[in-house]
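All chains, please: the whole structure from these sequences, using the hints.
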Amino acid sequence: MLQLNQINKTMFGNQLFNEVNAQLNDGDKVALVGNNGTGKSTLLKIIAGVEGVDAGHVSISKNQQISYLEQNSLVDSQEKVYDYIFNGQKEIKSIQSQLVQMESQMTEASEQELERLMIRYGNLQETFIEKDGYTIEESIKSIATGLKIDHLLDESICSLSGGEQTLAKLARCLLENNDILLLDEPTNHLDVSGLTWLENHLKHSKQLVVIVSHDRYFLDQVATSVLLIDEGSLKSYKGNYTVFKEQRKKELDELKKNYLLQQKEIKQVEDAIRRFRHWGAISDNEKHFKKAKRLEKQLDTMDKISHPSKERKVSKEQGFITQEKSGKEVIQLSSVSKSYGEQIIFSDISFNVFRGDHLAIIGDNGAGKSTLIKCLLGNEAINSGDIKIGPSVQIGYLSQVITYENANQTVLDYFKGQVPLIEEDARRILSYFYFTQEDVFKQVGNLSGGEKVRLELACLMNKSVNCLVLDEPTNHLDILTREWLESQLETFKGTIVMVSHDRYFVEKLSTKQFKMKNNRIN
Numbered sequence: 016m017l018q019l020n021q022i023n024k025t026m027f028g029n030q031l032f033n034e035v036n037a038q039l040n041d042g043d044k045v046a047l048v049g050n051n052g053t054g055k056s057t058l059l060k061i062i063a064g065v066e067g068v069d070a071g072h073v074s075i076s077k078n079q080q081i082s083y084l085e086q087n088s089l090v091d092s093q094e095k096v097y098d099y100i101f102n103g104q105k106e107i108k109s110i111q112s113q114l115v116q117m118e119s120q121m122t123e124a125s126e127q128e129l130e131r132l133m134i135r136y137g138n139l140q141e142t143f144i145e146k147d148g149y150t151i152e153e154s155i156k157s158i159a160t161g162l163k164i165d166h167l168l169d170e171s172i173c174s175l176s177g178g179e180q181t182l183a184k185l186a187r188c189l190l191e192n193n194d195i196l197l198l199d200e201p202t203n204h205l206d207v208s209g210l211t212w213l214e215n216h217l218k219h220s221k222q223l224v225v226i227v228s229h230d231r232y233f234l235d236q237v238a239t240s241v242l243l244i245d246e247g248s249l250k251s252y253k254g255n256y257t258v259f260k261e262q263r264k265k266e267l268d269e270l271k272k273n274y275l276l277q278q279k280e281i282k283q284v285e286d287a288i289r290r291f292r293h294w295g296a297i298s299d300n301e302k303h304f305k306k307a308k309r310l311e312k313q314l315d316t317m318d319k320i321s322h323p324s325k326e327r328k329v330s331k332e333q334g335f336i337t338q339e340k341s342g343k344e345v346i347q348l349s350s351v352s353k354s355y356g357e358q359i360i361f362s363d364i365s366f367n368v369f370r371g372d373h374l375a376i377i378g379d380n381g382a383g384k385s386t387l388i389k390c391l392l393g394n395e396a397i398n399s400g401d402i403k404i405g406p407s408v409q410i411g412y413l414s415q416v417i418t419y420e421n422a423n424q425t426v427l428d429y430f431k432g433q434v435p436l437i438e439e440d441a442r443r444i445l446s447y448f449y450f451t452q453e454d455v456f457k458q459v460g461n462l463s464g465g466e467k468v469r470l471e472l473a474c475l476m477n478k479s480v481n482c483l484v485l486d487e488p489t490n491h492l493d494i495l496t497r498e499w500l501e502s503q504l505e506t507f508k509g510t511i512v513m514v515s516h517d518r519y520f521v522e523k524l525s526t527k528q529f530k531m532k533n534n535r536i537n
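When the letters of the sequence shown are read in order and numbered with the working numbering, they come out as residues 16 to 537.
You can take every hint at face value.
Once the Cα atoms are required to be at most 20 Å apart in a straight line, the calculated EDC-like pairs of lysine to aspartate or glutamate come out as:
#1 530 x 372
#2 260 x 501
#3 389 x 487
#4 77 x 191
#5 264 x 246
#6 312 x 286
#7 218 x 200
#8 108 x 141
#9 108 x 98
#10 508 x 498
#11 260 x 493
#12 271 x 261
Computed Cβ-Cβ distance ranges for the label pairs, DEER-style:
#13 42 x 340: 49 to 59 Å
#14 77 x 141: 20 to 30 Å
#15 436 x 42: 51 to 61 Å
#16 460 x 77: 50 to 60 Å
#17 460 x 65: 28 to 38 Å
#18 119 x 415: 49 to 59 Å
#19 415 x 120: 53 to 63 Å
#20 371 x 392: 18 to 28 Å
Please keep in mind that the hints were generated in silico from the structure rather than gathered at the bench. Because the structure is a prediction, the values reported are computed rather than measured. Backbone N, C-alpha and C define an ideal beta-carbon position, used for all residues, glycine too.
Dropping the structure here:
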């Protein structure tokens, strides 16, 4: 259905793709993965025809149409959300308009004209039925309900937030039901039930779907193959994301083994060259120089193995500092209720968190998860009930939204303010969290979401905390940073209370899960 043929693409002096080829087939569900900056979004734009190439071409089967969900693009239109989504089916909308117009004409037509109009109307109506025109309203409402934007259908599209607009654009793409569906970060603004609905929709779709997403659980559920962008090349793997990770690890392990063997061979040849040159020089024997040249030629023609991609690894020095153990009972909630005026957030909640628990609090958007966290921390007052924190519990909090009072402060100065250390030790520790060289002089107000999480975790890991409270810690993090965060938290010996929509993250780290629904917790 879709082929990439010898694609070359350079942006801002950086070569993203070097003569890449790929073939994607009808019905494939392809996860497009790679580190930040490798060109995932650019490749989707190339396929969609939004971005050009330096060389090569994209081949698409005849009459195949593309739907493309672009990341971070805003819609500036006064039309209602319902109409915006409906416009994804231009042909059906056009036929519907013609049918309405002909119905009006038939009321005033002569007998002869009426007969002619009735024939045209019947033919047009058959086409309308074939294209499911009479169920289009039901389809729009079904998709909107699945994506949880049904309450926005009568709103102007331009009045919505960026996240709501993204969901409206996704709904329009799904309604179009074109042969090829390109999705750039479709999961960012969906809660668990919305993600589950989208997973089921895509799994049962006959479309070729290409997805860029940081949600590994979503990719596991939907993807039938993975396309990896790595150092300007494309490589395809059969299976979902977890299968790809296993295959990739074996591949890199084998590559590393072969690389080290070849480096050993290269060193032996280089040593031999030096010996022959030395012997030639001291004996004035041309034969030794000829042997050295033959070995140099052998090195020049050797098919050298590139150094395997370096993946982030946890330094032994990076783990959490030794902290005092908390008591067995870390947090106790007894009949806790919270409301804002008449709006009940949660009611009569009771549970205990014990030392060593890794508790995940899950639930849909608006269920009250973040409010519950704020109540646990004492940042929000409760209306009734009792919350007790154990006397030896030392809480470290990673907020969903990380802000800084002094945005101009450098990473180094902020860290030293949180953890009293001399500069040499502070820079050494920050390097474990990938703040190296000039990175430590970045202003905290200019840090990306992933950099902020790394900086806050560096502070938490070097304080005496035995209970971590994490509110959506993976928001806006790429897959590499999420996996790095998981590796850090796996070294923590204390208690963790987390709120997260990242099901992969939750399944990997949690030992207990509490679900908030209908103002209660299970």
